[in-house]
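Listed here are the chains, written in short residue letters.
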Amino acid sequence: MTQPPRITVLLNGKKRDVPSGLTVAELLESLGLNPALVVVERNREILDRSRYPEVLVEAGDALELVHFVGGG
Amino acid sequence: MSTPEVKDTPFVVAGREFRTRLIVGTGKYKDNPTMVAAIRASGAEMVTVAVRRVDLDRTREEGILHHLDPGEFLLLPNTAGCYTAEDAIRYARLARAAGFTEWLKLEIIGDQATLLPDTHATIEAARILVAEGFKVMAYTNEDLIAALRLEDAGCVAVMPLASPIGSGLGLVNPYYIREIKRRLSVPVIVDAGVGTASDACVTMEQGVDGVLMNTAIAAAEDPVAMGHAMRLAIQAGRLAYLAGRMASREIAVPSSPTQGMLGS
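As you go down the protein sequences, you meet chains Y and G in turn.
No gaps in the numbering here: position 31 of the first sequence is 67 in our numbering, and each next residue is one more.
No gaps in the numbering here: position 126 of the second sequence is 336 in our numbering, and each next residue is one more.
One thing to keep in mind: the hints can contain errors.
Stated by the list, open to error - Straight line, CA to CA, 25 angstroms or less: simulated DMTMM-like cross-link-like pairs of lysine to aspartate or glutamate: (1) G:240 with G:431; (2) G:217 with G:255; (3) G:238 with Y:100; (4) Y:50 with G:312; (5) Y:51 with G:265; (6) G:345 with Y:65; (7) Y:51 with Y:81; (8) Y:51 with G:267; (9) Y:50 with G:415; (10) G:391 with G:353; (11) Y:51 with G:297.
Calculated from the structure, these hints are not laboratory results.
Keep in mind the model is a prediction, meaning the values are calculated, not measured.
So here's chain Y without its partners, still in its complex pose (with noise of 0.2 angstroms):
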């Protein structure tokens, strides 16, 4: 079985190779973050939670994901 091509984005700030054809909630378990808990921002647009499973990740994508921290 051939390995799916892989694309490269740009995660929190850093280059990241990622498997083509992932889904925005696929991304977010692989890295075993809970989509509830998370936002994701991409390309500089926040994305819509519910969108999550039917987003793809694409080649170049600029993609922040934030969540609530302790702060003042």
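We have chain Y; now place chain G onto it with these hints.
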């Protein structure tokens, strides 16, 4: 401990009533259980949180929602770390998406050394965010004009500093804080600079609606004890304000009768 019945107006921000006038931050605690225990000891209902990148190099998720129940506390996301209106707006939108909340502590820093606010950028961002439906609580300095402009921009609360963030210097300008409180209709919450319980008490004695603090509790040797001390200090300061303090004077006046002394 029971509090004597003193007629007070409820503390209401954007139509929501709070039982306590103390708002606390969640940053800089040595660990999460201490943070939660200290916040509970403080009695705060509203707690600030920050928006940051998920650390992808760590195996364990460090998000604060693993430790704080949004059912127990009203989360007030901040835009801390932002230096421009554009950045603050970006963080505000991410915060709204993360927390399903319109509440926002708008904070735009103008100078890295002092962390003093850029009030011009804050007013600009406030106008935009209010139009987008945010309930903006704006961090600002003790400048009356900036405070008036923020109220005019539609902020639900204006939050002048006591002294620089994390400094613990206490209330450096009570006169300006009182003037802001006198002139604004929206709640005035003093945010940043409180170092210990007496600072919180003195601040509340000025008649402001509330106090927001983080480091004073988080960086205390015993944050849980300090959380409790702050709860009492806020109550004491509020009660003293409502009670109406005696006039101060620079000469002594005896408390005991001067008549009726024994003859020599």
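- Item | Violated hints - listed by number, lowest first | Going through the list in order, the structure violates hints 4, 6, 9 and respects the others.
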